[in-house]
Amino acid sequence: MIHVPVRTWMSVVLLAAAIAVLIAIPDFVETFTLMQFTLFSAMAVLALSLGFIWGYGGILSFGQTAFFGLGGYAYAVSVLNLGESTEAIAIAIALPAVFAAFLGYFVFYGRISDVYLGVITLTVTLILFNVVNATAGDEYRIGNAALGGFNGMPSVPTFNLPGNPSIVLDPTQGWYATGGALIVVYVLLRLLLRSRFGRVAIAVRENETRASLLGYDPRLIKLGVFVIGGAIAGLGGALYVNWGAFVSPTIFALSLSAEIIIWVTVGGLGTLIGPVVGCFLIQYLDSQIGTQQTFNSNLALGAILIVFVLLLPQGLIPTIRTIASRLVRLRPASGNATESAAKQPVGAAR
Amino acid sequence: MDLALIIALDVVNGAASLVLLCLGLAIIFGMMRVINLAHGEFVMLGAYATVISANAGLNIWIAMLVVAPVFVGVVGIVIERCLIRFLYGRLVDTMLATWGLSLLIVGLVTTLYGNTIKGVPTPLGGFSVGAYKSSYYTLFLAAVALIMLALVYVVMRRTRFGLVARATMQNPGMAATLGVNPSRIYMMSFGIGSAITGLAGGLLAPVSGVVPTMGAAYVAKAFITVVGGGSAILAGTASSSALFGLINQLGSYFTTPVFGEVILFISAIILIRILPQGISERFFKGSL
Chain H
122 MIHVPVRTWM SVVLLAAAIA VLIAIPDFVE TFTLMQFTLF SAMAVLALSL
172 GFIWGYGGIL SFGQTAFFGL GGYAYAVSVL NLGESTEAIA IAIALPAVFA
222 AFLGYFVFYG RISDVYLGVI TLTVTLILFN VVNATAGDEY RIGNAALGGF
272 NGMPSVPTFN LPGNPSIVLD PTQGWYATGG ALIVVYVLLR LLLRSRFGRV
322 AIAVRENETR ASLLGYDPRL IKLGVFVIGG AIAGLGGALY VNWGAFVSPT
372 IFALSLSAEI IIWVTVGGLG TLIGPVVGCF LIQYLDSQIG TQQTFNSNLA
422 LGAILIVFVL LLPQGLIPTI RTIASRLVRL RPASGNATES AAKQPVGAAR
Chain V
112 MDLALIIALD VVNGAASLVL LCLGLAIIFG MMRVINLAHG EFVMLGAYAT
162 VISANAGLNI WIAMLVVAPV FVGVVGIVIE RCLIRFLYGR LVDTMLATWG
212 LSLLIVGLVT TLYGNTIKGV PTPLGGFSVG AYKSSYYTLF LAAVALIMLA
262 LVYVVMRRTR FGLVARATMQ NPGMAATLGV NPSRIYMMSF GIGSAITGLA
312 GGLLAPVSGV VPTMGAAYVA KAFITVVGGG SAILAGTASS SALFGLINQL
362 GSYFTTPVFG EVILFISAII LIRILPQGIS ERFFKGSL
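Protein chains in written order, with my numbering: chain H, 122 to 471; chain V, 112 to 399.
The following block holds chain H by itself, in its conformation from the complex (with noise of 0.2 Å):
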């Protein structure tokens, strides 16, 4: 018989979990709470984009929400002009898959790193955001759809059923489509991490001269890990969409970009699920002080965000694992990079 590894067993069964919860969900809350984890989960596939590139890759990009935007942009212009919007969601990821790769090439072939690769991004984000706010007027206009500058596109057609215009769906349905594209990315990135292209990935991350003198080329799989974590952010950008059925320059701002990070750092860097942990926390927590008037969210989220560099730089998912790992007494499996990436600390992924 051929031997499975616990890991992998227990990963089967969290998936199983997983799917059941976003099944059962409906069920049990009100259609208010579940358009907000609706949102949560849209948020979470950018969370992951992150956590992948910065994680897995090395490369922490300041201007995600570039990709995002692109995302959400795209898919707008295009279910506008398509009247459909399957076409548009493969849009919304192929465009910015496409940008990212123009960038990528710019950058990484250009071996441009650390702090300058960070400053470049959040460039290019400014440098979207100020664009797209200035495209207010009519002058403006990709076939049908007006692009608004400032005030955005409203009433931007929601996700329909494949191939079926007419049917557009329901706030369950469209809870459906959003956490089942979050778990089918994390699923997909999952596999992605185990084959070839993700051990050299880690590797590249790890010890860039080291894994160019075994032959790879660290700025195409650099490249390659960019581009893919442009087009799940392309796909988070969508979902965002098509969960307000708006879109507006401000889904560029720096203050998006900023919470990624937070997202990522407090859910555990060189984790997949930390990022979705930390998204979905940071987010409910940001919820619940918009109802209150005592202290503003951008206080706790900023206190937060120093505590967790300067006490627990880790994030939440690696301590929880080193904690029950001590308690159980249960070693991590040898070898697996992923385990060894957890216990790196925010900074040395570089």
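None of these hints come from the bench; they were simulated from the model.
Hints may contain errors.
As the list claims (entries may be wrong) - Cβ pair distances, simulated, as ranges:
no., chain 1, residue 1, chain 2, residue 2, range
1, V, R196, H, N328, 40 to 48 Å
2, H, G411, V, A328, 18 to 26 Å
3, H, W130, V, T222, 34 to 42 Å
4, V, V189, H, T152, 42 to 50 Å
5, H, N272, V, N166, 53 to 61 Å
Computed from a predicted structure; not experimentally measured.
Where is the CB? At the ideal position from N, CA and C, for every residue including glycine.
For chain H, the structure is supplied; the task is to place chain V on it using the hints.
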């Protein structure tokens, strides 16, 4: 002719504001390799210190030139002691922590003073060149920028503190064996950098909208100017400020202010791509 003069004034103004905005960040980055993402919020704190003390009846010049730098300098030292000093050598962590700090400061100021505050009028009057008008305040900003550059040069080159600071910057370990306390030098440099940033905030308060989130508009610009300039504090800041100020103002003039900024950002990206170590590393290697 008049138009050319006015555009030249605009360019000088743009470059001078950039110098003021970036000098503090450049000192902190050049000395300690710390990218302070709360830089924009330091500017904002300087502006708030000016506006609040001026509205309380203090002379506007004292509010701008004394209160703002002293207040932000003290804030900077407190922050260095409580937060930054644990993170030296961990570039990405300092970026994250200072980003958190920037959110914290924005939240704090919003909680204390709300989303808007009564501004201060621009001091000094205006003058006209032919059919165009400009203000003396523009010239004043340029003068202050030049004085600050000169001051930093003199302090770094001619004083004992400057000597020790440059030594620490080059090799903290060796400086420490010679009896210098690098931790103290870092604290003071951070304080000085913060004070200059506070001064910039104070000086910009009359000519910009003073709101808690105003820092966001500055941090990216300051960030790219410093990185574009490279590690030499003075040569880097001055050269990249001049270059980006020129590009920004000319771009704004020939298109719109929005696209002027876009052109600035695009040229910054290209510059970083061509000269990843910054202008100073390529052309002014070894200078201050």
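These are the hints, each one checked on the structure:
| no. | hint | verdict |
| --- | --- | --- |
| 1 | V:R196 <-> H:N328: 40 to 48 Å | violated, 29 Å |
| 2 | H:G411 <-> V:A328: 18 to 26 Å | holds, 24 Å |
| 3 | H:W130 <-> V:T222: 34 to 42 Å | violated, 49 Å |
| 4 | V:V189 <-> H:T152: 42 to 50 Å | holds, 48 Å |
| 5 | H:N272 <-> V:N166: 53 to 61 Å | violated, 34 Å |
Hint check: violations occur at hints 1, 3 and 5; the rest are consistent with the structure.
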